[in-house]
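Chemist: All chains, full assembly: derive it from the sequences and hints.
Residues per chain are reported as follows:
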Amino acid sequence: MITISTLIAVPAIAAVVLLVIPFARQAAGYLALLVSLAVLGGVIGFIYRFEPVAGYQFSDNISWIAPLGVRWHVAVNGVSLAMIAVTALITTCALGFALWAKRDRSHASFALILMTEAFLFLVFAARDLFAFYVGFEGMLIPLLVLLVVWGGPSRKVATLQVIAYTAFGTLLMLLAILYLGLTAPGGPNFDMEAAIGRGNDWVFFAFAIAFAIKSPLFPLHGWVLPAYRQASPEVAAVLSGVASKAGAFAFLAVLVPLFPAQSEQYAWLFIALGTIGFLWGSLLAFRQPDGRGVVAYSSIAQMSFIVLGIFLLSDRGATGATFQMVNHALVSAALFLVVGWLETQVGSGYFAQLGGLARRRPVLATVSMVLGMAALAVPGSSVFASEFLIMLGAFESHWWLGAIVALGAVLAAMYMLRWISAILHDRESALAGTLNPPDLKQGALMAILPLVLVLIGLSIAPAQFTDRVDASAHALISAAAKEAGR
Amino acid sequence: MTELVWITLALPLVGVALLALFGNNLPARGAGLFASLIMLAAFVTAAVALILLANRPEDQRQVTETAWTWLSAGDFRVGFDIWFDELTALMLVIVTGVGFLIHVFSIGYMKGDLQERRFFAYMNMFVFSMLVLVVSGNLVQLLIGWGLVGLSSYLLIGFWHHKTSAVKAAKKAFIINAIGDVGLAVGIFLLFVDLGTVSYSGVFASADTLSETQASIACLLLLVGALAKSAQIPLHTWLPDAMEGPTPVSALIHAATMVTAGVYLIARMNPLFFYAPKVLDLIVIIGVIGLLMAGAIAIVQTDIKRIIAFSTMSQIAYMFVGVGLSAYWAGIFHLFTHAFFKALLFMGAGLVIHALNGEQDTRNMGGLRKLMPKTYFCFLIGGLALTGIFPFSGGFSKDAILSAGLHVDSTIGWIAYGGGLVGALMTGIYTFRLIFLVFHRRLSPYAEKVAPPLIKHHGEGPRSMLWPVYILALGAAFLGLLQIPGLTHVMSSWLEPISPNGMIEATAGQEWLTTLIGSLVGVVGIIIAAHLYLHESDAPDRIRLGRGRLIARALERRCYWDDLYEWMFERPTQWTASFLNRDVDATAFRWLPTDGIGTITAFFGRSVVVLQNGIVRSYALVFAVGIAGFLLYLLVRGT
Chain R
129 MITISTLIAV
139 PAIAAVVLLV
149 IPFARQAAGY
159 LALLVSLAVL
169 GGVIGFIYRF
179 EPVAGYQFSD
189 NISWIAPLGV
199 RWHVAVNGVS
209 LAMIAVTALI
219 TTCALGFALW
229 AKRDRSHASF
239 ALILMTEAFL
249 FLVFAARDLF
259 AFYVGFEGML
269 IPLLVLLVVW
279 GGPSRKVATL
289 QVIAYTAFGT
299 LLMLLAILYL
309 GLTAPGGPNF
319 DMEAAIGRGN
329 DWVFFAFAIA
339 FAIKSPLFPL
349 HGWVLPAYRQ
359 ASPEVAAVLS
369 GVASKAGAFA
379 FLAVLVPLFP
389 AQSEQYAWLF
399 IALGTIGFLW
409 GSLLAFRQPD
419 GRGVVAYSSI
429 AQMSFIVLGI
439 FLLSDRGATG
449 ATFQMVNHAL
459 VSAALFLVVG
469 WLETQVGSGY
479 FAQLGGLARR
489 RPVLATVSMV
499 LGMAALAVPG
509 SSVFASEFLI
519 MLGAFESHWW
529 LGAIVALGAV
539 LAAMYMLRWI
549 SAILHDRESA
559 LAGTLNPPDL
569 KQGALMAILP
579 LVLVLIGLSI
589 APAQFTDRVD
599 ASAHALISAA
609 AKEAGR
Chain B
6 MTELVWITLA
16 LPLVGVALLA
26 LFGNNLPARG
36 AGLFASLIML
46 AAFVTAAVAL
56 ILLANRPEDQ
66 RQVTETAWTW
76 LSAGDFRVGF
86 DIWFDELTAL
96 MLVIVTGVGF
106 LIHVFSIGYM
116 KGDLQERRFF
126 AYMNMFVFSM
136 LVLVVSGNLV
146 QLLIGWGLVG
156 LSSYLLIGFW
166 HHKTSAVKAA
176 KKAFIINAIG
186 DVGLAVGIFL
196 LFVDLGTVSY
206 SGVFASADTL
216 SETQASIACL
226 LLLVGALAKS
236 AQIPLHTWLP
246 DAMEGPTPVS
256 ALIHAATMVT
266 AGVYLIARMN
276 PLFFYAPKVL
286 DLIVIIGVIG
296 LLMAGAIAIV
306 QTDIKRIIAF
316 STMSQIAYMF
326 VGVGLSAYWA
336 GIFHLFTHAF
346 FKALLFMGAG
356 LVIHALNGEQ
366 DTRNMGGLRK
376 LMPKTYFCFL
386 IGGLALTGIF
396 PFSGGFSKDA
406 ILSAGLHVDS
416 TIGWIAYGGG
426 LVGALMTGIY
436 TFRLIFLVFH
446 RRLSPYAEKV
456 APPLIKHHGE
466 GPRSMLWPVY
476 ILALGAAFLG
486 LLQIPGLTHV
496 MSSWLEPISP
506 NGMIEATAGQ
516 EWLTTLIGSL
526 VGVVGIIIAA
536 HLYLHESDAP
546 DRIRLGRGRL
556 IARALERRCY
566 WDDLYEWMFE
576 RPTQWTASFL
586 NRDVDATAFR
596 WLPTDGIGTI
606 TAFFGRSVVV
616 LQNGIVRSYA
626 LVFAVGIAGF
636 LLYLLVRGT
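First to last, the protein sequences are chains R and B. Residue numbers for the first sequence follow the numbering used here, so the first one is 129 and each next one is one higher. Residue numbers for the second sequence follow the numbering used here, so the first one is 6 and each next one is one higher.
I should point out that these hints are in silico values taken from the structure, not numbers from a laboratory. Misleading hints may appear alongside valid ones.
Calculated cross-link-like contacts (lysine to aspartate or glutamate; reagent style EDC-like; alpha-carbon spacing at most 20 Å) [claimed, not checked]: (1) Lys168(B) to Asp554(R); (2) Lys379(B) to Glu453(B); (3) Lys173(B) to Glu321(R); (4) Lys283(B) to Glu453(B); (5) Lys610(R) to Asp80(B).
Modeler: Spelled out as structure tokens, the structure:
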């Protein structure tokens with residue numbers, strides 16, 4: 129039987145193998161793809177074996193660094209399994225896209241993507257704070273290398289900006305983890321269970337800032353635009369799709385259960401920042417000159433919205449936020465791959481150089497339209513389902529809050545329609561006209577299509593998802609909700 | 006019986022899927038034929054379902070069924086349902102029946118367009134969306150249908166997406182409809198918080214526990230959705246621009262789907278609106294203002310499709326008046342007859358546009374009566390039905406609404422009655438102005454050049470375009486006979502059970518009186534139109550440029566709504582977004598925490614050069630040193 133530890137180990141080992149042995153591009157690519165598919169298969173196995181209950185399952189708990197009380201404790205509940213599943217899927221698609229795009233020094237790029245996957249799995253599955261820290265901090269290293277080596281022309285500045293933000297955040301978190309682990313009664317103990325309710329306000333905010341940067345939550349989103357613009361498309365897909373979810377996930381699965389009192393006490397702050405960020409990102413997305421800029425700011429908006437949903441500390445909020453994390457991961461990853469494909473074909477992702485591409489390109493038009501409509505949460509889509517739950521939760525807490533965030537949905541329609549039209553409609557730009565790019569097909573299509581199909585599947589019966597995570601999501605916020613007397 | 010409803014719902018979706026996946030293997034004509042056959046099958050199943058429902062005893066005519074749970078979180082559960090009763094059955098038949106005729110018409114109209122398959126896939130999707138909306142048994146699924154209708158209209162209005170104007174119009178329609186969706190969604194939130202349910206049966210059963218304020222706020226929010234979808238003041242500005250789509254799309258939006266949804270919503274939710282009488286009054290007032298304004302604007306338009314578009318807005322406003330007066334059956338009856346005569350008028354306009362090689366400006370038409378006698382005859386029937394002249398269908402249904410105002414005998418009732426009659430006068434003027442401008446007078450130079458060779462070659466249109474027009478003309482002429490005051494009661498007795506709190510129905514005497522006055526007013530309108538427009542004269546221009554110039558100017562600018570919104574919402578949003586993007590976000594959040602700090606520290610003599618050389622390596626180093634230091638610390642402390 130596969131364990132969660134195996135799931136983490138396989139991509140990590142494969143990454144090391146790929147780094148050490150200089151495979152040819154094709155061989156390295158297919159090997160990496162095969163590994164990620166195997167991992168995906170393993171994750172699907174877990175989904176089948178998963179019981180939709182509140183607690184953690186499939187636990188591995190062995191002594192890791194015995195004298196320090198650090199344990200290798202990994203386990204999943206509905207929320208973390210959902211994140212692991214979406215990570216496995218997006219990693220596979222990103223690898224597929226990287227293979228299609230023929231990166232130079234490709235075996236290293238494939239290895240780093242797999243390594244990111246392993247660290248992300250650790251973030252989502254860790255039940256020990258130290259292990260969590262290793263995953264949270266560790267995933268940045270392959271991502272930063274991917275950004276600085278395979279990124280766009282201003283990649284160095286972008287990388288510096290990411291480091292400036294995240295190093296600050298994770299340093300704070302490290303101190304907080306040290307404090308919690310070392311002050312545990314009965315010797316050092318980093319297990320999350322042991323840390324529940326022991327933190328004070330300072331520790332709470334040290335965690336919160338680290339998670340807010342990673343998510344990103346307004347106003348700590350400054351690193352996002354340069355990073356998402358400069359990263360290669362598959363890395364941008366991983367960054368916005370799942371790496372950012374590490375932050376939001378940590379709010380829901382680490383911060384709120386470990387600090388129920390503070391989470392309740394300061395919930396208003398995160399709700400306020402989430403609301404502002406949602407509107408801020410949506411407004412700014414409306415003014416970006418390029419496809420990536422729009423997706424970047426819409427990601428800021430959506431992640432702020434997810435944090436808002438988490439800090440509603442209600443059933444609707446938590447389940448909706450979990451679902452929205454998955455939906456946004458799929459949508460933003462696919463959007464980045466589409467924009468990235470356009471850049472390879474037209475040489476630019478700037479709207480001024482695009483347009484009119486729907487003609488004679490039915491596949492591109494259909495894929496872009498479906499994704500655009502999902503991103504703006506057209507009623508009936510899975511994104512609509514998750515946004516509906518969060519907005520309903522917001523309305524249940526304060527009617528005016530529900531009304532404000534519901535209006536944000538109109539802004540989403542505005543920027544996504546602009547995105548769709550700028551790429552597909554009106555007349556062709558001179559550049560696109562001369563280059564006459566082909567339709568989306570074969571390799572690139574195969575990398576994008578699975579994301580689209582999963583979105584469509586989730587839209588047909590979102591309850592299949594929410595029924596499985598509802599109990600877990602509720603358990604995560606229940607202590608904090610009790611503090612609030614709900 | 007419910008199986009038939011599910012099949013009706015599934016058929017157009019199957020059509021969309023097959024056209025999207027395998028459409029390219031079909032010959033171009035095949036797509037239209039296939040989509041039309043799908044619609045015919047859906048119509049047949051819907052009609053059989055209606056007959057089966059009618060054969061049931063009256064207290065068993067409300068059937069609900071859930072296919073699967075769509076969404077759940079805690080005690081919030083939404084199913085994918087059907088709710089099949091008299092109203093649903095009638096709507097299904099209208100949507101699929103008129104939809105079928107429009108599909109057939111489109112085969113001829115879209116012939117030669119390079120994107121026929123995409124067109125018919127969208128058309129099937131439009132019908133599917135509308136069906137999701139009308140069969141729903143809960144508010145969330147209604148909202149889903151509501152949103153999908155908006156999406157379909159976006160796709161079809163912007164069908165010719167190389168035209169900038171079409172893309173703009175499509176976006177405008179989508180965004181205004183999104184505002185309506187938000188209103189509807191917040192209304193659903195409120196009902197869930199107050200009542201703990203979003204299913205119709207749950208809401209209807211517990212509506213009496215709401216206070217009047219609660220019920221009124223909920224109904225106001227639902228009304229926001231209805232106003233956007235049905236293009237009523239103040240969310241109507243998308244409808245005239247929606248004429249950018251191909252003509253059959255206009256027919257579909259105006260007759261069978263979309264704009265009728267708002268009327269349907271209010272009629273459907275009548276057990277809730279019953280507890281919000283002030284909102285019902287508001288609906289009547291919005292309706293009266295809307296029907297007068299749209300009727301007046303229609304008089305000055307020159308584009309053949311825009312004239313009909315404003316007439317739709319005006320006629321839907323009549324339906325709002327009807328449901329606002331609690332004469333739900335009358336509102337739906339008008340919806341029913343309107344579907345026929347409005348589809349007829351749009352298709353007639355389509356035939357004219359077809360014969361003039363795409364020309365839509367009435368100033369380039371004229372005199373087509375002799376060249377297109379069949380079209381003229383059918384168009385005339387549509388015009389008479391629209392004007393509400395006895396015994397054409399529109400007369401019966403409109404007079405049913407107006408006489409309800411008479412029957413209510415309150416201030417609101419009299420406003421409805423008076424406003425409705427003035428509206429009828431305007432209807433006569435703009436309808437027959439249109440008919441005279443297009444079919445009478447002399448041939449314009451453009452029409453003289455273009456039309457005769459085209460018509461000589463093709464006739465007035467292919468059979469696929471003419472036959473739907475004939476069938477609709479029959480309906481427009483005779484459907485009113487279903488409800489002859491004092492004689493037949495098909496509509497009012499069929500729809501009576503949908504309103505548990507009773508409906509307003511005028512006495513036969515009141516109805517006949519209204520029919521008399523209404524028809525007279527309509528004839529006066531026709532006479533005025535004939536006086537001004539039957540022959541070329543400078544009389545209209547004298548009014549337009551003379552004493553009436555201020556009014557004429559306001560009407561030509563569509564009463565300045567678009568300008569108002571541009572300055573109130575569009576531009577401020579753009580300015581704010583640009584300002585935040587360029588000045589605030591870039592400085593405060595991107596420059597300051599990174600380069601900004603660098604610049605500031607550099608100012609104090611320090612440097613960040615170290616970090617910029619091999620940044621990742623140094624970062625990994627910092628990370629590794631951090632971990633190592635931490636482990637060391639633990640080791641020391643642990644011993």
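Chemist: All hints are to be evaluated individually against the structure, with a verdict given for each.
Modeler: Tested hints:
Restraint check: the Cα-Cα separation between Lys168(B) and Asp554(R) comes to about 6 Å, which is no more than 20 Å; the hinted pair holds. The suggested pairing of Lys379(B) with Glu453(B) holds, with an alpha-carbon distance near 19 Å, which does not exceed 20 Å. Between Lys173(B) and Glu321(R), the direct Cα distance comes to roughly 56 Å. Violation of the 20 Å bound is thereby established for this hinted pair. Between the alpha carbons of Lys283(B) and Glu453(B) the distance comes to roughly 55 Å, so the proposed pair goes past 20 Å and is violated.
Distance hint between Lys610(R) and Asp80(B) is fulfilled; the C-alpha atoms sit about 18 Å from each other, no more than 20 Å.
Consistency note: the structure conflicts with the earlier hints numbered 3, 4.
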